[in-house]
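Take the sequences, apply the hints, and build the full model.
These protein sequence lines are chains A and B, in that order. Mapping the first sequence onto numbering that gives the first Met the number 0, position 10 (from 1) lands on 9, and the numbers just tick up by one. Mapping the second sequence onto numbering that gives the first Met the number 0, position 304 (from 1) lands on 303, and the numbers just tick up by one.
Don't read these hints as lab results, they were simulated from the structure. Cβ atoms here follow ideal geometry from the backbone N, Cα and C, with glycine treated the same way. If a hint is listed, it holds; no wrong ones were tucked in.
Here are some chain B residues pointing at chain A (derived, C-beta under 7 Å):
| hint | residue |
| --- | --- |
| 1 | L19 |
| 2 | L250 |
| 3 | A253 |
| 4 | H256 |
| 5 | L258 |
| 6 | A261 |
In silico lysine-lysine, PhoX-like type, Cα no more than 25 Å apart, as pairs:
| hint | chain 1 | residue 1 | chain 2 | residue 2 |
| --- | --- | --- | --- | --- |
| 7 | A | K110 | B | K20 |
| 8 | A | K225 | A | K25 |
| 9 | B | K266 | A | K68 |
| 10 | A | K25 | A | K154 |
| 11 | A | K154 | A | K68 |
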Amino acid sequence: MSFIAQGVSATLGSRRVLQNVDFEAKAGDVTAIVGPNGSGKTTFLKALSGELRVDGHVFLDGTDIRGLKPWQLAERRAVLQQATTMAFPFRVYEVVQLGLSRPVDRNSSDKLIGQALSMVGLAGFGERLYQELSGGEQQRVHLARVLCQVWEPVKNGSASYLFLDEPVASLDIRHQIAIMEIAHGYARRGGGVIAVMHDLNLTAMFADQVFLMRSGSVIANGPPSKTFTNALLSSVFDAPLAVNVVPHDDIPFVLPQSRWV
Amino acid sequence: MSIGGFIGHSAAHSRRVARLKGDRRQLARRTIAGLAVLLVCVCTISLTSGASTVSSGDLLRSLVESEALSARDRIIVIDIRLPRMVLGVLIGAALAVSGAVMQGLFRNPLADPGLVGVSAGAGLGAIAMIVLGGTMLAPIALVFGLFALPVAAFIGGLLTTLVLYRIATRNGQTSVATMLLAGIVLGALAGALSGILVYLADDAQLRDLTFWGLGSLAGATWIKIATAGPIIVGALLAVSFVARGLNAMALGEAAAHQLGFAVQRIKLIAIVSVAAAVGASVAVSGGIGFIGIVVPHLLRLAIGPDHRYLLPASALLGASMLLLADAVARMIVAPAELPIGIVTALFGAPFFLWILLRRRGVVDL
Chain A
0 MSFIAQGVSA
10 TLGSRRVLQN
20 VDFEAKAGDV
30 TAIVGPNGSG
40 KTTFLKALSG
50 ELRVDGHVFL
60 DGTDIRGLKP
70 WQLAERRAVL
80 QQATTMAFPF
90 RVYEVVQLGL
100 SRPVDRNSSD
110 KLIGQALSMV
120 GLAGFGERLY
130 QELSGGEQQR
140 VHLARVLCQV
150 WEPVKNGSAS
160 YLFLDEPVAS
170 LDIRHQIAIM
180 EIAHGYARRG
190 GGVIAVMHDL
200 NLTAMFADQV
210 FLMRSGSVIA
220 NGPPSKTFTN
230 ALLSSVFDAP
240 LAVNVVPHDD
250 IPFVLPQSRW
260 V
Chain B
0 MSIGGFIGHS
10 AAHSRRVARL
20 KGDRRQLARR
30 TIAGLAVLLV
40 CVCTISLTSG
50 ASTVSSGDLL
60 RSLVESEALS
70 ARDRIIVIDI
80 RLPRMVLGVL
90 IGAALAVSGA
100 VMQGLFRNPL
110 ADPGLVGVSA
120 GAGLGAIAMI
130 VLGGTMLAPI
140 ALVFGLFALP
150 VAAFIGGLLT
160 TLVLYRIATR
170 NGQTSVATML
180 LAGIVLGALA
190 GALSGILVYL
200 ADDAQLRDLT
210 FWGLGSLAGA
220 TWIKIATAGP
230 IIVGALLAVS
240 FVARGLNAMA
250 LGEAAAHQLG
260 FAVQRIKLIA
270 IVSVAAAVGA
280 SVAVSGGIGF
290 IGIVVPHLLR
300 LAIGPDHRYL
310 LPASALLGAS
320 MLLLADAVAR
330 MIVAPAELPI
340 GIVTALFGAP
350 FFLWILLRRR
360 GVVDL
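Below is the structure:
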């Protein structure tokens, strides 16, 4: 079971933003897409989610997603966008409820929404107005909504997928780790997670597979232990980067990985 | 709370589900029931008030015994006030729901068919049919017969809405400022073209135009109801199918697609329905403004923005508000009456200003 892209290319205006991208994300894995700004990560996620029509093919469990209706796709994958603005004064409960595709009875929908809100650390926020929350809280409300949409990592024998576009960008460190744990847990229970990531340490910590992108192409892919090398990272980001080197002098550094020590 | 606390808390929470706070559906259902009662009361007022008094007791008794009302009162109630009331209910519901749907579609609470030129476009269509119905537009007039006027208004409204949507929406996001300004421009253009047509009109047509343009329920007849009614009811039924889609659209078009909605179809149904409802309303009653902005706004404050409840509630409150405005229009200078458009603007304009000032920080002007 997998999400596969074959030879995906896309043009925005006159600019070629994706060039012949091959990609595979397996159910049960957290697959991270990493690369500098403007490397085509978000565009590629849109191609995978069926939002953007592109050249090439995207297959979900062997079916070309072009043959799937929006609601069929929505049952199999949910997307957390980078930023979502809401037009009207919805309450947190109501925003999360939007993730429930078909009307379910009140008891089970209440239960699901309550669980999703607790999971993202927003238990008791149901009555609050979305607009009155902080940016990080808003992002977590949307994560709860997205989780409600594909609550079961495996449903009727097929895996569901979470698409996360920079899921931790606006969060503090505690919530960054908590959100990545949710994603990780989702994958461990059989679902697939495809995440565009900027934080290399969290990627190293939680990703099973990494795709390094630059200028609309995949430069390398594989587990973090293989892809996170000085040479690869430095060339992808065009910046001198050193992996697993302790800074000299007395500069402190804080790594989420260190809690396992 | 530790990281593991998230999971532990979740399990504890699922055991004591109880009622989750934040759900406004119960409140919304009660409000809708209340609004239905209000509409019945307002309908009674509409039937019994006016230059000639008919008591509500007599009116009720007339339902069972036909002799309860005098022949004169029966004519007043059945041939004058009843069609007026029915037309008021239809148009009030059409305008309020159109406002709510447009606001949902444009993702902003300031969109209103009257304000952004849709009514003006529909008016242009209607005027063109009145003036050119015997010459240039004669084929259309022949094909559609009695429906020619609402159909022409519908086409005018539809074209305006489509142009407006194309101008104001880019990449699935609508700019409030662009929409309001484009609406003003489109309204002005439609007004200018209407002016040219009025200039071309002969004396008989001018008379028709004057009566039509007063913006009033005064000319209500069963024939008008038969032409506009089916269009309005059809449009109202159609938008009930996009209520959930409009909720998702509040997150933006991309997110609505990700949630599994056929965004293009939702937009098409919404645009055509609004144009049809506004076109039919404008064709029979001229321009009546602000119902579409006041009613949904008040209801969002009361029951929240969920369109599954907002749309039916808007229909009920819109009908009540227009009937009340009509009652005021009839009473304030009795036995003459004010055009109802003046009354709705008199109350609606300050209300709109209030919304604008409250949202000044939010609107990207």
